[in-house]
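> Please model the complete structure; the sequences and the hints are all you need to start from.
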Amino acid sequence: MSLHATNLTLGYSGRPVVRDLSFSFDLRQSIAIIGPNGCGKSTLLRGLLGLLPPLSGSIELDGKAIGKWNARALARRIAFLPQSPVAPEGLTVRQIVEHGRFAHQSLWAPQTKEDRRIVGEALARTGLSHLADRQFSTLSGGERQRGWIALALAQRADAVFFDEPTTFLDLGHQLDIMDLLRRLNLDHDIGILMVLHDVNHAACYADRVVALHSGRLIADGNGPEVITAGLMADLFGVRTEIQMLEAGGRRYPHCIPLGPENHAGNSAERPQ
Amino acid sequence: MSARDDADAQIGDQLRFAVTTAVLISCAIALIVLSQGFGAASASFADLWVVLTRDEALTPAQQVIADIRLPRALLGAVVGVHFAIAGLIMQSLLRNPLADPGVLGVSSGASLAVVISILVANTLWADPERFELVYFPSASIPFIALVGGLCSAALVLWMSWDRGLNPQRMALAGVVTGTIINALILVVIVGFGAGRAEMAILWLAGTLFGRGYENLQAMLGWTMAALFILPALARPLSLLRFGEDFARTMGLPVGIWRVVAALVAIGLTASAVSAAGPIGFVGLVVPHIARLLIGGNMAHLIVVSALVGLILTVGTDLVGRALFVPLEIPVGIITSLIGVPVFLVILQRNLWRLS
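Line by line, the protein sequences are chains A and B. Counting in the working numbering, the first sequence runs from 1 upward without gaps. Counting in the working numbering, the second sequence runs from 273 upward without gaps.
Don't read these hints as lab results, they were simulated from the structure. All C-beta atoms in this analysis are idealised placements derived from N, C-alpha and C, irrespective of residue type, glycine included.
Have a look at the derived ranges for each label pair, beta carbon to beta carbon:
1. A:R116 to B:Q620: 33 to 39 Å
2. B:R621 to A:K113: 35 to 41 Å
3. A:T138 to B:D339: 50 to 56 Å
4. A:W108 to B:T331: 45 to 51 Å
5. A:Q105 to B:T395: 54 to 60 Å
6. A:W108 to B:D434: 29 to 35 Å
7. A:P16 to B:D434: 19 to 25 Å
8. B:L474 to A:R117: 54 to 60 Å
9. B:Q440 to A:S214: 25 to 31 Å
10. B:E328 to A:A109: 46 to 52 Å
11. B:I301 to A:L175: 56 to 62 Å
12. A:P257 to B:R621: 40 to 46 Å
13. B:D327 to A:R117: 52 to 58 Å
Dumping the calculated SDA-like pairs for lysine to any residue here, alpha-carbon to alpha-carbon at most 25 Å:
14. A:K68 to B:G515
15. A:K68 to B:D517
16. A:K113 to B:R288
17. A:K68 to B:R435
18. A:K68 to B:G527
19. A:K68 to B:G436
20. A:K64 to B:G436
21. A:K113 to B:A504
22. A:K68 to B:N438
23. A:K113 to B:Q286
24. A:K64 to B:P525
25. A:K113 to B:A290
26. A:K64 to B:D517
27. A:K113 to B:P503
28. A:K113 to B:V291
29. A:K113 to B:V575
30. A:K113 to B:D285
31. A:K68 to B:W433
32. A:K68 to B:I528
33. A:K113 to B:A506
34. A:K113 to B:L287
35. A:K68 to B:P525
36. A:K68 to B:D434
37. A:K64 to B:E516
38. A:K113 to B:L502
39. A:K68 to A:N7
40. A:K113 to B:F289
Have a look at this one:
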């Protein structure tokens, strides 16, 4: 399953936010999009989900323009977890997760046994089985995020797109969520495309890292290729030291910020 | 938790819904029966039994039940169901717990049409010497209200259009349209009413007084259509609560379902307003009460909201008739009297939960 962009320009009311991107994503992989605030990461994600029609260029999923997919068929291929989803009042965790089955249900038909089985499985995979019948609003931040991931899993899509899945979580829960996504990718063959704030999460957990700056794609490759001191300076305007770490037979770069590139008080322009 | 406990908890949820529904249905039936005994003329429950079961000459008391109180209670029931479900739809569609069918502009448009017709008819045909009101044939009022309500709803829909139905625009368009039309209603009454405003004001308060089977019949078609669509609307409506992007990526064609939801709400409200006038607060308060009773499951909410709406409307009409016999207070005034404090409590709870 592949997502193919050609000379893609996306934006709002005619003003481009990302310009002239061409790339091809293998949606079985785990892919991270990084970049500074306002670089167009989330806009790109919305475009790739067919939520924002391109101003020019094209996005194709398996050879068919993303805008031509009907919502139901697309939802069976790609699920999405927005940055800060809001749960309707008064629903249990299970009831929230059941909404993920919509794309597989017919309108007048009640929930099937198969639906219930898949919802149970999604809850088990995210470690929420014991909380299934608790009110969603009583969960902690980390548990809630797992609940949303369970909803995406219940959708049984081939790939899941995430918009900053670890914002508002503490360090422990951030790693917990990133580990969960990694396992889903490796053990259950679910493709992951995630917009990430933390470059170290991208370096550690993604097969491929794509860097956006001012709406343009400025780096694309695996972690060690992309996460370099030079690129961090370009992207964020910070001086960094990159260390290579190793875990589970994988070598990945780790980026330690040292301070702003221009010393405090100096607001000279960043290198473009 | 074991699979068994899982199953138990799920059954618990179903059980709570089943018990709540059973209790509400019993209350509803009890209220409708009770409402037959109250009013200016006294009648016993034995009289109701005769009306329902036997086909024989009726006593005057039985005649009152058959011709006035029974159709009135049944109409109140259906009107309550309509307003409650329309309110639930609007709160889910606009993702705003303070939304109600008033946002559709239906009530205000219907009111304006009716007020203008009443006053124009009085001006044209009333005999100024005898200072007597020309009462509209009551059969024509629902029709006029329906046309007025649908016209203003169409105006609100048109103003809410932005490459599809935009809920934020709809909330604004609804409030603005409602305010302007309500101002126009006052202009019409104050400017042209001159002693003939009573009937218009009575209608504006929302009342079940003087309604008969023909009003009930006119509504039932809308009720049937809604009953057919609602089972299919439950899941899309539930998804709409998650917001546009999220709902779309879960597989919902958001644009189409927003329009379907709005049309169902418009149909339910327009038909209810045309029969009983703009009864306030039922659509706003009932979905909150239903959520308190059985939680947020949309299919359950639809059923329980319908029943609570029915009970609230029939119950308040009963209170309005029973308080100062033989005078009666229009149902819309009582629902507002009850609705405002209930609403404030709900608001307080929400604020408390947020902080």
